[in-house]
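Q: Residue numbers (the working numbering): 1 to 384.
Worth flagging that the hints you see were computed from the coordinates, not collected in a lab. Hints are not guaranteed to be accurate.
[Unchecked claim] Below, a list of computed lysine-lysine pairs in the BS3-like style, where the Cα atoms sit at most 30 angstroms apart:
| id | residue 1 | residue 2 |
| --- | --- | --- |
| 1 | K381 | K336 |
| 2 | K286 | K336 |
| 3 | K381 | K333 |
| 4 | K336 | K271 |
| 5 | K333 | K286 |
| 6 | K286 | K151 |
| 7 | K286 | K271 |
| 8 | K381 | K368 |
| 9 | K151 | K76 |
| 10 | K333 | K368 |
| 11 | K286 | K381 |
[What the hints assert, rightly or not] Taking CB as the label site, the calculated pair distances span:
| id | residue 1 | residue 2 | range |
| --- | --- | --- | --- |
| 12 | P94 | P166 | 53 to 59 angstroms |
| 13 | E207 | Q90 | 41 to 47 angstroms |
| 14 | N175 | E102 | 50 to 56 angstroms |
| 15 | E102 | Q79 | 32 to 38 angstroms |
| 16 | G297 | D59 | 35 to 41 angstroms |
| 17 | P166 | S362 | 29 to 35 angstroms |
| 18 | R142 | D101 | 30 to 36 angstroms |
| 19 | Q79 | R370 | 44 to 50 angstroms |
| 20 | V44 | R370 | 33 to 39 angstroms |
| 21 | E207 | E102 | 22 to 28 angstroms |
| 22 | K47 | E207 | 20 to 26 angstroms |
| 23 | S274 | H130 | 49 to 55 angstroms |
| 24 | E378 | Q79 | 49 to 55 angstroms |
Where is the CB? At the ideal position from N, CA and C, for every residue including glycine.
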Amino acid sequence: MSEVAREPREEYFDSQPLGVELEEEEPDEEEQIARPWDPNAIRVSTKTFSIRQVLDQIDEGDLELAPDFQRNLVWKSSQKSRLIESIILQIPLPAFYFAEDEDGMYRAVDGLQRLSTIHSFVRREEFALHNLEYLESAVGQRFSDLPQAWKRRIFSSQLVVHVIDPSTPTDVKYNIFKRLNTGGSPLNAQEIRHCMSRNRSREFLMECATMPEFEAVVGEALRSRVRMTDREMVLRFCAFRLLGVEIYEEQRYRAMEPFLDEATRRLDDPKAVSDAVLERLRRDFKRAMMNSYDIFGEHAFRKWPLGRDNLSPFNRALFESWSVALADLDIRKAPKLRARIIDAARELMSEDSDYMTAITTSTGDARKVRYRFQKAVEVVKDSQ
């Protein structure tokens, strides 16, 4: 079946539809873009910390838990209680993974939920234990209520932590963390990127992702913020707005993840992206969202071929190309150009098989990136 005729496939997570179109890859594509890494560049050390040490690191700011990282999978109170019970019973916990930066600060990448649970029970006393399997006498108790011996047992419990050295290349770090699956569902690239980045980029992406203009145009698809797809979309806009398609084509691997990694690094560095440039980027993003909504309405960033008016899942490739193409359009012109742009865009999705392939399969291919950006820019230009 052709790309034009085929119904878009939707992403699922935890058996729930996400409202986002699945990005399809060609067979064996992952092997084709494998990085020729030097094994000597991978530096991972294993350390042991007591829970008291880890809690002190959290409180003193030496260990960051990325507090706004939720994955919409907040543990139930019974799960939290069972974790604390396991610690009191001295049942070893699965290993944790931290990324260390040049300043010696740690960022938790795997084990966030467990660390947050321990911290909230011991230091904040935010919940009482219940539904325990063995320690029935502790039901209803908070940390301060526990016998002193149990408190000491918690504080002295040892955690095995695999620490990724800051000298390890960034793309190697991402590959290491992509292989993790200790929580049942592996972290995706944006979740890893969020954990490893700094507050500057995190806060900027969050501010843009919570703009009313962004939420209006993406609709319900991204409002749940599952798997940080909303921030990934903002980052894609920033990456192509800052670096451009030309840089994407020139980069060594011509793949989306290292491109987004580089954009994150620049957003975190005031020398690479000044406060003034960051503010301009915010205004550009807002304008792009307003124009996208004024022109495409609820069909913005979704496949909308002629003869099909049902609402398709949100499409990443359409978002990055059309948001950048509409970022410079005067918002006063958008309503006047609406009909012409819609007609041209829908014709592309109906008649141009190369365009449909460029927004459907192996969308990180440099030629396809170039093609879909070129077509979006041409439509906007020719409509004026």
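Q: Does the Cβ pair S274, H130 satisfy 49 to 55 angstroms?
A: Given range 49 to 55 angstroms: holds, Cβ gap about 51 angstroms.
Q: May I ask you to test the hint 35 to 41 angstroms on the CB atoms belonging to G297 and D59?
A: violated, 48 angstroms
Q: Between P94 and P166, is the Cβ distance one that fits in 53 to 59 angstroms?
A: Given about 24 angstroms between the Cβ atoms, the range is violated.
Q: For the pair V44 and R370, does the Cβ-Cβ distance stay inside 33 to 39 angstroms?
A: holds, 37 angstroms
Q: Given the hinted pair K286 and K151, is their alpha-carbon gap at most 30 angstroms?
A: violated, 51 angstroms
Q: With respect to the beta-carbon atoms only, verify the hint that R142 and D101 lie 30 to 36 angstroms apart.
A: Given a distance of about 34 angstroms, which is inside 30 to 36 angstroms, the answer is holds.
Q: Could you tell me whether the CB distance from E102 to Q79 stays inside 32 to 38 angstroms?
A: holds, 35 angstroms
Q: Does the alpha-carbon distance linking K286 and K336 stay inside the 30 angstroms limit?
A: Within the cut-off at roughly 19 angstroms; holds.
Q: Taking the Cβ atom of Q79 and the Cβ atom of R370, is their distance within the range 44 to 50 angstroms?
A: The hinted range 44 to 50 angstroms holds for Q79 and R370, with Cβ atoms some 47 angstroms apart.
Q: Compare the distance between the alpha carbons of K333 and K286 with 30 angstroms, and conclude whether the hinted pair is satisfied.
A: holds, 15 angstroms
Q: Holds or violated: K336 with K271, Cα cutoff 30 angstroms?
A: violated, 40 angstroms
Q: Quickly compare the C-alpha distance for K286 and K271 to 30 angstroms and report which way the hint goes.
A: Distance of about 24 angstroms is within 30 angstroms: holds.
The structure shown violates the earlier hints numbered 4, 6, 12, 14, 16 and 22.
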